[in-house]
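Residue numbers (the numbering used here), protein chains in the order written: chain A, 10 to 322; chain B, 220 to 398; chain C, -8 to 192.
Mixed in with the good hints there might be a few duds.
With beta-carbon atoms standing in for the labels, derived distance ranges [claimed, not checked]: (1) C:G137 to A:L14: 36 to 42 Å; (2) C:S62 to B:K287: 29 to 35 Å; (3) A:M10 to C:N146: 23 to 29 Å; (4) A:S247 to B:P276: 39 to 45 Å; (5) A:L28 to C:E136: 42 to 48 Å; (6) B:S286 to A:G288: 49 to 55 Å; (7) C:F138 to A:P22: 44 to 50 Å.
Think about it this way: if two alpha-carbon atoms lie no more than 30 Å apart in a straight line, the pair counts; the simulated DSS-like pairs of lysine-lysine are [to be verified]: (8) A:K215 to A:K137; (9) B:K332 to C:K184; (10) A:K157 to A:K141; (11) B:K395 to C:K180; (12) B:K324 to A:K213; (13) B:K395 to C:K184; (14) A:K60 to A:K213; (15) B:K287 to A:K11; (16) A:K91 to A:K137; (17) A:K69 to A:K137; (18) A:K213 to A:K91; (19) A:K62 to A:K141; (20) A:K69 to B:K324; (21) A:K11 to A:K69; (22) A:K11 to A:K60; (23) B:K332 to C:K180; (24) B:K335 to C:K184; (25) A:K137 to A:K157; (26) B:K324 to A:K219; (27) A:K215 to B:K324; (28) B:K324 to A:K11; (29) A:K69 to A:K157; (30) C:K180 to B:K335.
The following residues of chain B were derived to be distant from chain C, with all beta-carbon distances above 12 Å [what the hints assert, rightly or not]: (31) K273; (32) P276; (33) E277.
Bear in mind the hints are in silico, worked out from the structure with no lab data behind them.
Glycine residues also receive a C-beta, built at the ideal position from the N, C-alpha and C atoms.
Residue strings, one per chain:
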Amino acid sequence: MKEELFVSGRNIPNIDPYLNIWHWEIPVYLFLGGLAAGIMFFAGYFTIMRKEKEMQATVKYAPFLVPFALVLGLFALFLDLKHQLYFWRLYTTVRLESPMSWGAWTLMFVTPLSMLWVASYMKEVFPKWDWKFNILNQFEALAIKYRKAMAWALMFLAVVLGVYTGILLSAFNARPLWNTSILGPLFLVSGMSTGLAAIIWMSKSKYERKVLSRIDLIFIGVELFLIIHMFMGFMAASEVQIEAAQLFLGGEFTVVFWVFIIILGLIFPATLEVLELRGFHIPIWIPSLLILIGGLLLRFVMVEAGQITRYLY
Amino acid sequence: MNTETDIKKKPNYLNPYFGGVLLGLLLLATFFIAGRGLSASGAVKLSLVTVVNKIAPEHAANNTYYSKFIPEDGSSIMFNWLVFGAIGTFFGGMLSGVLYGRMGKLRVEHSPKISKRTRIIAAAIGGLLFGMGSQFGRGCSSGAALSGTAALSFGGLLVMAFMFGIGYVVAYFVRKLWI
Amino acid sequence: MGPLIPNEIITGQWDFVIALLIGGAFGFILEASGFSSSRNIAGVFYGYNFVVLRVFFTGMIVAMVGLLYFSYMGWINIDLVFVLPTYLNSMLLGGFIMGLGFVIGGFCPGTSYTAAAIGKIDGIVFAGSTLVGIFLFAELFPLFEGFYYANNLGNITIGEMFGLSNEVIVFVFVVIAIVAFYVTWLIEKRVRKNMTEYKFE
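For reference, chain A alone in the conformation it holds in the complex (with noise of 0.2 Å):
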């Protein structure tokens, strides 16, 4: 038999058993960020090394998944925000102190840049495609014209996009799950990762797909390092950050973290694809589906597992 002792009969939602008020909304916009940072990245980084031919995936098909992404993102953090119809305020003001300013004024510049960017390719991908106005065909020309210094700026935003991320939660001190600063490259790793994956599922070419699950390998490889170091810095910290590591290490959160994040969504993924370069054959929908779903997994669980922790009671 089972007794419970309740000391108070407090049970206030979003405080009760503890302090949490971030839902579902912030872990779908974290991922959908990093997977067009991921995107963005590459389309840039291959544009500058003029391997467009080769690459046509990355640098046409795949970005068309960015804008959508960014702005089902930022659809899900508006659903999140408690006075909506204040918004437009984040952009009246910038704040350097603030990963929250630093990611709106980024996704200012990111979103119509990569409009832009599908945009200048859209008659390749679309031959019947008519701008209809003559405006709209001189800001195509320009923008083509421009390419390679939409490409920089493409890399640099991703690189900012998918760290901040990262930084958006480790800049919470009380914390002590976040609290650490390895979780800005920890998702900007992720979400390159989750990118690789999703052009390598949309990828027709051969050539690329090699290319593109070499880099793969190196990236969840050094996101296995970047987890693995984070558990370690953890338990060698202060006692609460040992509890919180704790959640991961036989607590409740043990069984998903290891089996669907990083057993099924990295380590076996990884030897699909190791297995794949070494001539295997592999429904490529298989690896890539299981990165994403891990992806996904993985910051579903960092911002749940995160407001459990606390400094105090």
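Starting from the structure of chain A, add chains B and C where the hints point.
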């Protein structure tokens, strides 16, 4: 007629005795670690209970069979040894299929003497029967027969003997499906 | 001192991670031995492919002998190993229905997952219909609840049932296995000579 010329490509299977030894060692390791064997049908049962519990909790609580598997403290039903074993079986099979080149497009495997539809219907009926039977027998072939008999339980031996015995009897009547 | 989880040597949710890895090895071995093909599995009933018997029996005797040795050496506490409870009537019926299902469907749940994993639609269908079958059972459960629990002989082992010690039982099993291997080898050679269209998959 020579059988050899009709086998298009010899498949790459492990020697069955070697596979059996590996399986036995794995089973031994499972007993050593968890004190129980593997069972695939248990995972399906637990997923079903989870789904029913989500959709119609009162019905699940009233039904004496579902309610046996719903823990009172509200912890997740799916967090159970059997479910993760089944997930692992799926992905382990996938890895082996990849390594041996058996991974391919969606296909139906059937005897050349019957049509695809017949095979699918047979698989559906077989699955239905097996699902029901596994609950009566407290396990499927891996759970009751393999692990049960390895742990020397009488029930396991009974289920295994009956399963294969009846299989042989009925095999004559459904031979059109296979040969 | 095993078994590790009931003895709390491995705690928390790690046991599920281990379950995944063990399941992975299980699926791998099954698929590599050829259990992902329903025609291979049904072969045991018709004599053209005895892989089921070979793998099953070998696995069983290895595990049995291993458990005996471990228990003898003190590495495992045999009382904590799960022994199936024997419900006589229900298990007889269960074996009967499962036998029907086995020979018609050609899979068992574990092997159907491996078949589904490599893209066999009949494996996917089989796995799905086991779900429906269990659902039917649960819905109709009140009808045969009495039958389900009838005749409970408890968690008895084969040794207790027949009054012989565990070691003798295992020995008998090993002897039966060796005889079975030899006999089936002869049968398979005979049957394969007459079969002409058997193509492996």
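Going through the earlier hints one by one, which of them does the structure break, listed in rising order? Hints 16, 18, 21, 22 and 28 are the ones this structure does not satisfy, whereas the remaining hints hold.
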